[in-house]
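Residue numbers (this note's numbering), protein chains in the order written: chain A, 8 to 459; chain B, 8 to 459.
It should be emphasised that the hints constitute simulated quantities derived from the structure, not laboratory data.
Because the structure is a prediction, the values reported are computed rather than measured.
A virtual CB, placed ideally from N, CA and C, is assigned to each residue, including glycine.
Treat the hints with care, since some could be wrong.
Residues of chain A placed beyond 12 Å of chain B at every Cβ, according to the derived structure [unchecked claim]:
no., residue
1, 94
2, 177
3, 458
Here are the simulated BS3-like cross-link-like pairs (lysine-lysine), alpha carbons at most 25 Å apart as the crow flies [unchecked claim]:
no., chain 1, residue 1, chain 2, residue 2
4, B, 297, A, 181
5, A, 358, B, 297
6, A, 181, A, 358
2 protein chains.
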Amino acid sequence: MEKVIIVGAGLCGSLLAVNLASKGYEVHVYERRGDIRKAEFVGGRSINLALSARGIQALEMVDMGHLVKEQGIPMRGRMIHDIEGHEAFFPYSGRAEEYINSISRGGLNKALLLKASTFSNIRFFFDHQCEDVDFDQGHIWFINILTNERVQDKADVIFGTDGAGSAVRQAMMKHSNRIRFDFSQSFLTHGYKELSIPPTEDGGFRIDKGALHIWPRGSHMLIALPNLDGSFTVTLFQDFKGENGLDALDGDLDLARSYFKQYFADAYAHMPDFDQDFMTNPSSSLGTIKCYPWRMEDKSVLLGDAAHAIVPFYGQGMNASFEDVHVLNSIMEEGHGDWASILSAFETRRKPDADAIADLAVDNFYEMRDHSGDELFQKKVLLEKRLEKEMPDRYNSKYALVTFRKGIGYRQAMLRGRAQDAFLLDYCRHVSDINSIDLQTLVDQIEEQVTI
Amino acid sequence: MEKVIIVGAGLCGSLLAVNLASKGYEVHVYERRGDIRKAEFVGGRSINLALSARGIQALEMVDMGHLVKEQGIPMRGRMIHDIEGHEAFFPYSGRAEEYINSISRGGLNKALLLKASTFSNIRFFFDHQCEDVDFDQGHIWFINILTNERVQDKADVIFGTDGAGSAVRQAMMKHSNRIRFDFSQSFLTHGYKELSIPPTEDGGFRIDKGALHIWPRGSHMLIALPNLDGSFTVTLFQDFKGENGLDALDGDLDLARSYFKQYFADAYAHMPDFDQDFMTNPSSSLGTIKCYPWRMEDKSVLLGDAAHAIVPFYGQGMNASFEDVHVLNSIMEEGHGDWASILSAFETRRKPDADAIADLAVDNFYEMRDHSGDELFQKKVLLEKRLEKEMPDRYNSKYALVTFRKGIGYRQAMLRGRAQDAFLLDYCRHVSDINSIDLQTLVDQIEEQVTI
Numbered sequence: 008m009e010k011v012i013i014v015g016a017g018l019c020g021s022l023l024a025v026n027l028a029s030k031g032y033e034v035h036v037y038e039r040r041g042d043i044r045k046a047e048f049v050g051g052r053s054i055n056l057a058l059s060a061r062g063i064q065a066l067e068m069v070d071m072g073h074l075v076k077e078q079g080i081p082m083r084g085r086m087i088h089d090i091e092g093h094e095a096f097f098p099y100s101g102r103a104e105e106y107i108n109s110i111s112r113g114g115l116n117k118a119l120l121l122k123a124s125t126f127s128n129i130r131f132f133f134d135h136q137c138e139d140v141d142f143d144q145g146h147i148w149f150i151n152i153l154t155n156e157r158v159q160d161k162a163d164v165i166f167g168t169d170g171a172g173s174a175v176r177q178a179m180m181k182h183s184n185r186i187r188f189d190f191s192q193s194f195l196t197h198g199y200k201e202l203s204i205p206p207t208e209d210g211g212f213r214i215d216k217g218a219l220h221i222w223p224r225g226s227h228m229l230i231a232l233p234n235l236d237g238s239f240t241v242t243l244f245q246d247f248k249g250e251n252g253l254d255a256l257d258g259d260l261d262l263a264r265s266y267f268k269q270y271f272a273d274a275y276a277h278m279p280d281f282d283q284d285f286m287t288n289p290s291s292s293l294g295t296i297k298c299y300p301w302r303m304e305d306k307s308v309l310l311g312d313a314a315h316a317i318v319p320f321y322g323q324g325m326n327a328s329f330e331d332v333h334v335l336n337s338i339m340e341e342g343h344g345d346w347a348s349i350l351s352a353f354e355t356r357r358k359p360d361a362d363a364i365a366d367l368a369v370d371n372f373y374e375m376r377d378h379s380g381d382e383l384f385q386k387k388v389l390l391e392k393r394l395e396k397e398m399p400d401r402y403n404s405k406y407a408l409v410t411f412r413k414g415i416g417y418r419q420a421m422l423r424g425r426a427q428d429a430f431l432l433d434y435c436r437h438v439s440d441i442n443s444i445d446l447q448t449l450v451d452q453i454e455e456q457v458t459i
Numbered sequence: 008m009e010k011v012i013i014v015g016a017g018l019c020g021s022l023l024a025v026n027l028a029s030k031g032y033e034v035h036v037y038e039r040r041g042d043i044r045k046a047e048f049v050g051g052r053s054i055n056l057a058l059s060a061r062g063i064q065a066l067e068m069v070d071m072g073h074l075v076k077e078q079g080i081p082m083r084g085r086m087i088h089d090i091e092g093h094e095a096f097f098p099y100s101g102r103a104e105e106y107i108n109s110i111s112r113g114g115l116n117k118a119l120l121l122k123a124s125t126f127s128n129i130r131f132f133f134d135h136q137c138e139d140v141d142f143d144q145g146h147i148w149f150i151n152i153l154t155n156e157r158v159q160d161k162a163d164v165i166f167g168t169d170g171a172g173s174a175v176r177q178a179m180m181k182h183s184n185r186i187r188f189d190f191s192q193s194f195l196t197h198g199y200k201e202l203s204i205p206p207t208e209d210g211g212f213r214i215d216k217g218a219l220h221i222w223p224r225g226s227h228m229l230i231a232l233p234n235l236d237g238s239f240t241v242t243l244f245q246d247f248k249g250e251n252g253l254d255a256l257d258g259d260l261d262l263a264r265s266y267f268k269q270y271f272a273d274a275y276a277h278m279p280d281f282d283q284d285f286m287t288n289p290s291s292s293l294g295t296i297k298c299y300p301w302r303m304e305d306k307s308v309l310l311g312d313a314a315h316a317i318v319p320f321y322g323q324g325m326n327a328s329f330e331d332v333h334v335l336n337s338i339m340e341e342g343h344g345d346w347a348s349i350l351s352a353f354e355t356r357r358k359p360d361a362d363a364i365a366d367l368a369v370d371n372f373y374e375m376r377d378h379s380g381d382e383l384f385q386k387k388v389l390l391e392k393r394l395e396k397e398m399p400d401r402y403n404s405k406y407a408l409v410t411f412r413k414g415i416g417y418r419q420a421m422l423r424g425r426a427q428d429a430f431l432l433d434y435c436r437h438v439s440d441i442n443s444i445d446l447q448t449l450v451d452q453i454e455e456q457v458t459i
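Bound-form chain A, shown alone:
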């Protein structure tokens, strides 16, 4: 049987391992970090992510769809907190069955690794850092970081699922001229810092658990996603520079406290661990990575963040990585003859969608920052909710196309979504009361004019 090596046992790598093992390949999985299967329960307070249709579809592919119910917390819409502490709930969709799920990265990763452990044709090598790859021969070298031992392995195909800082991609970059390797990394001027809202004393949620909470403040914002233990993971997005910038806040806890009291008073009231969290947790940068090609002939291919790291503003990072595995699986099931043909089909089919979700995520950052308080924009959003609710089979907002319509690719979702947005913004500009609109006529007009 053919042997494959997977570098990186994060979300993408562990899902891929299960999928390839189920096809019968001999799978060696290498991971730089330690074995989280042995770690204490990691599904409680922790970093969480928004799992939606594309990600769920990929989990279902490996019979792990039950994780959504077991570990996910449905978030049916955005809870917007204004500066005076008022809350307003905006559902993600006019269709009741469409929502996203807050899920623990660690818990999900552990569940996938445990699933992988049930396959006798998977072997794990934790604490192994990828050092170099010989793509011509299919050789790969690792350093066992516990023993400093240098380890060599060999496979028919090497999968790089080792994240934004991918060592496999760095090995490919050494051949940049030969493969004409286009690569870009670009950072936002904003960064983020993780904080927390703990559970109440009796283990309950301090704020509504059924929503993704947002405190939009123009150029900066706070968000919070619920965890199973009653806590919320809170993330501040803010410019590094400027008066209340992360660089300034990081050095000055008094400033950080008064900044939160001024802009996020209602959230701050629920953050007893603020001082500790703020001092302990680093301020991190937000970047987009694009590259192409994703493969070295028939010997290696990048998936997930290694191929396309994106900013978090569409909640699609994990979903896009999982969808990579789903797309690869579909191509393998089409019966392409050899790896060159499989990997070529994969990168050709998937690259436009990966570029699209990267661009959508950056767009959403500017949209949230610059327009979410805009009256015309809000009018459009409300009109879209009416359309989705009353014409559920005939209208999908850009958000719904990206998040829920797994049957179409990100690029198609982007093009159609943008065209709809342009049409509806123009439409709203000429309508004073959106509640008096005849939706039937409007949806006919949209179908006629937005033909993408």
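Place chain B on chain A using the hints.
Same frame as chain A, now just chain B:
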């Protein structure tokens, strides 16, 4: 006195070394390659470049302006060779004193290194490959590739002039998240291969020595620049893929010969060493590298190709690198207090111009490929030559702005040049005979409407 380290003793690094030594700094220059000062005469048949106003200005800054006359061959225009072997000469400017100079890369580099050798405060370390940099302490490590010895040095500032594959830039990339290091490398689908036209038996030139020769063929082309020994360096630009693509030609000398006979028959007739050249010389890729920031606080800065590698289609790579040194010199002479302030002013002032010449060079590739045979485009070029000749003080084409008007930056040249082009293309669309135009009226119109 303060000490500086320069990594890379190519054109940019050797010019910078001379400039900084003349200011009294202690200068250590490290170079991965061997010492070309000891090499045989390198100014004969070799790789050549087009030296123009911006580069000349920087050479004059270090009293090396005489090199232009000594080593350069004036090229007063383009000699266009059509597929039937007809020649047509198009001057670079309507102004007789404006031309570019074919000059040997090796000869120019050697002359600058010899000039540097006259300074007692410069020390050279050849065969030293940069391994890593500690930007906080200003430490840097090299491998002496002759002895395999590891060498450490330390300086107040480390200059990275080590070209497109810069090791200093790679050391900066390790701190990508900390400095939010935007980086991109992007390749054209075309590559290039160097060939040659040798001198005649009595040492003369086989084709006109006073021009840059071009054989434009739509999606592919050949160019030739003269050398002092009577030879021409010939470069084929062609797609890697396709029927006559570089990948196909590289494996099939018969195909290469018949391709040249079909498309470049008159040039091929002058290429007795074709077989040897074609088989020996590699096909190389063409890429653009952009990054930002260019500096690590007050400790290090990138210049030249290390900061901005560009494709060769505007003949500005060396000129842009030399102009970097000229701009840095101007800033240092403005009397900024410390290195942080000097390096900050340098990257802020220079980055928009570096981006502009990178974009202009890529644009010119597509312009040459897609439009140089276009009737409207040629009409515009002829009209511009009339304008430059008869109104030399009032009109500069985009090419002249970029190549000869060293008083304005590349970005300004790009913006004004593009606006002029748009105006003139539209104008030519509505004029049947450009010789009947009243140039006085036209130039008034341009001045009124192109206000950039």
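### Task
If any of the earlier hints don't hold here, list their numbers in rising order.
Of the numbered hints given earlier, the structure breaks just one, which is hint 2.
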